[in-house]
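Visitor: Protein chains in written order, with my numbering: chain A, 1 to 341; chain D, 1001 to 1282.
Rather than coming from a laboratory, the hints here were simulated on the basis of the structure.
As the structure is a prediction and not an experimental result, all values here were calculated from the model.
From the three backbone atoms N, C-alpha and C, an ideal C-beta is built for every residue, glycine too.
A portion of the hints provided could be inaccurate.
Label-pair distances were calculated between CB atoms; the ranges are [unchecked claim]:
(1) Arg1029(D) to His55(A): 48 to 58 Å
(2) Glu298(A) to Arg1167(D): 21 to 31 Å
(3) Phe1165(D) to Tyr56(A): 25 to 35 Å
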Amino acid sequence: MADHSTSRAPRGLTRRDVLMAAGAGLVLGIGSLVVPKRYFRMPQQAQAFVIKVAHYQMEIADAIVRGIRELGIVSEELHGKRILLKPNLVETASGAPHINTHPLVLRGTIEAFLRLGAAAVMVAEGPGHRRDTLAVYEESGLADVLTEDRIAFHDINYMTGYELPNAGRQSSMRTLTFPALFKEVDWIVSVAKMKTHHWAGATLSMKNLFGVMPGIYYGWPKNVLHHAGIENSILDINATLKPHFAIVDGIVGMEGDGPIMGDPKKVGVLVMGRNLAAVDATCCRIMGIDPYKVSYLERADKWLGPIGEDAIEQRGETIASVRTNFSLIETIPAHQGIRLA
Amino acid sequence: MDQPNGQFRVDSTAWGILASQALGESADRFEPSRACLRGEQGDDGRVGVSREHPESYWATPLAILAWQSSPASQAAQSRAVKFLLKATGVHYPRKSGEPGAHDTLLKGWPWVADTHSWIEPTALAVIALKATGHGQHGRVREAIRMMLDRQLPHGGWNYGNTLTFGRELHPMPESTGAALTGLAGEVDRETVSRSLDYLQGEVDRLRTPISLGWALLGLAAWGGRPANGEALVERCLENQTRYGEYDTSALCLLFLGALAGESPAKHPLLAHLDSTPAILVK
Chain A
1 MADHSTSRAP RGLTRRDVLM AAGAGLVLGI GSLVVPKRYF RMPQQAQAFV IKVAHYQMEI
61 ADAIVRGIRE LGIVSEELHG KRILLKPNLV ETASGAPHIN THPLVLRGTI EAFLRLGAAA
121 VMVAEGPGHR RDTLAVYEES GLADVLTEDR IAFHDINYMT GYELPNAGRQ SSMRTLTFPA
181 LFKEVDWIVS VAKMKTHHWA GATLSMKNLF GVMPGIYYGW PKNVLHHAGI ENSILDINAT
241 LKPHFAIVDG IVGMEGDGPI MGDPKKVGVL VMGRNLAAVD ATCCRIMGID PYKVSYLERA
301 DKWLGPIGED AIEQRGETIA SVRTNFSLIE TIPAHQGIRL A
Chain D
1001 MDQPNGQFRV DSTAWGILAS QALGESADRF EPSRACLRGE QGDDGRVGVS REHPESYWAT
1061 PLAILAWQSS PASQAAQSRA VKFLLKATGV HYPRKSGEPG AHDTLLKGWP WVADTHSWIE
1121 PTALAVIALK ATGHGQHGRV REAIRMMLDR QLPHGGWNYG NTLTFGRELH PMPESTGAAL
1181 TGLAGEVDRE TVSRSLDYLQ GEVDRLRTPI SLGWALLGLA AWGGRPANGE ALVERCLENQ
1241 TRYGEYDTSA LCLLFLGALA GESPAKHPLL AHLDSTPAIL VK
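Put together the whole structure using the sequences plus the hints.
Guide: Here it is as structure tokens:
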């Protein structure tokens, strides 16, 4: 993969890295050492852009171009770059298009990046439930769109992988295996769906990245990640891959028993930003979910990104103007107590 | 066996051998590929999807099938069988109030070491073990019970979950075809009739090689073949203009499905139906 750090704030060695590296030694010698949480805090500011898009027939590319510009992304960052879009394609069911990222959101995203000077845009996915990726590609309607637009689609599930050390170190996985294709692209963009999730509370741009782990190494479902802990794995993948941008399809999301069996929920928004944790926290607030009660987001806070409302500069629409409470199921533990006051 | 991009993968090689066999190629033609698979085998008998990923040992049953009737591969095959009979997924007692519905203690085989057992690797292991004369082994009998336990109430299988938080999940053609192939000759038709109905209802609309290949195999294992099977396969092959060249494994699976109705006794994935006495399980 191209050097992701070129278009981002310098990451280098973080305070967390130092503290974690020191942690093992400290634990051995001074097991009871307690460091006040304030010392871990790093001032962070991220932006999230929210735009109203009432339905899928609207000019989605215009909305995304506007968002990218409002987020301060300059043309040099995209000019001549190869952009990989990772949608959320899980499985298909008759009458349930709200399971997957809508194909017209992908079309709009492709058009937006090309308009802004990208050399190439491609779409790649490795569905977690279906071994037949092409079937999901076809049945979701994405094949029609990408064939017409002559955009390449790549099946991640069968790609030879390359290993990276697990930079997140939240799970016991020492390395993570990503598809070799990722070495050939400059930007990775999570184009997710706004959904509740019965294990994780909500699935948005960060959880969407489960689909970048090839099935030939992680299985169907990606059970290696479940055994490593869903939340640990979300954090590890994001910390290691360092995706560049996120767009969440909240034009019609999914409420209730997501990510598959839930009901459609019309919100009429797209949410985007460079920092995936901040984007997901914003989505949560729009869904009427407290991001601090979604465990992986709470753990990502001040590390992978800020999730506090005061640390995220909201651009475009205000959260209050688009907030649409998603129904939660009280018998599902991950939904209990996560409603935003 | 190479992928369209020139990369080697163990599973593609095994599927390639099986498809070549079904197509009636002379064994001499694919003996070098069998030797190549032998070179990928681990010391404990497993065949990982690549040398760097021995934990992804789901390719082991495919290698066992690819080595069938190859004198030069007999020792490798025996070691792989031994490994498979020992290996299992992670199994644990289901806690009360747990959101899933299947019997988590019933052992099958996982895709990857240290994870739960799932449908397709279990079906493949059952087919491979039956083909090598281990149909009565306790692990195979338990795996058959495991697959039946994972059958969806309204018919069909998915990757291997039935209900979550009380909701029945969706069936998938590829998982259903694999499970039906593994269960053929082991249970009566009534036990899987809803799944056969589901697959028969789906097959006409399948356009992609993994789903169509397994669907044709699953139906053929139960004596069925859609009248338009050939046309479905042709349409699927033509779809490469739309999707790009198929992954070698997927393409070979499609060929195996296409050839499934012709002479099951000579078909590498269906020959086990003749080699094991049918036991009816309700």
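Visitor: Indicate, hint by hint, whether the structure satisfies it.
Guide: These are the hints, each one checked on the structure:
no. : hint                                : result
1   : Arg1029(D) to His55(A): 48 to 58 Å  : 56 Å, holds
2   : Glu298(A) to Arg1167(D): 21 to 31 Å : 27 Å, holds
3   : Phe1165(D) to Tyr56(A): 25 to 35 Å  : 29 Å, holds
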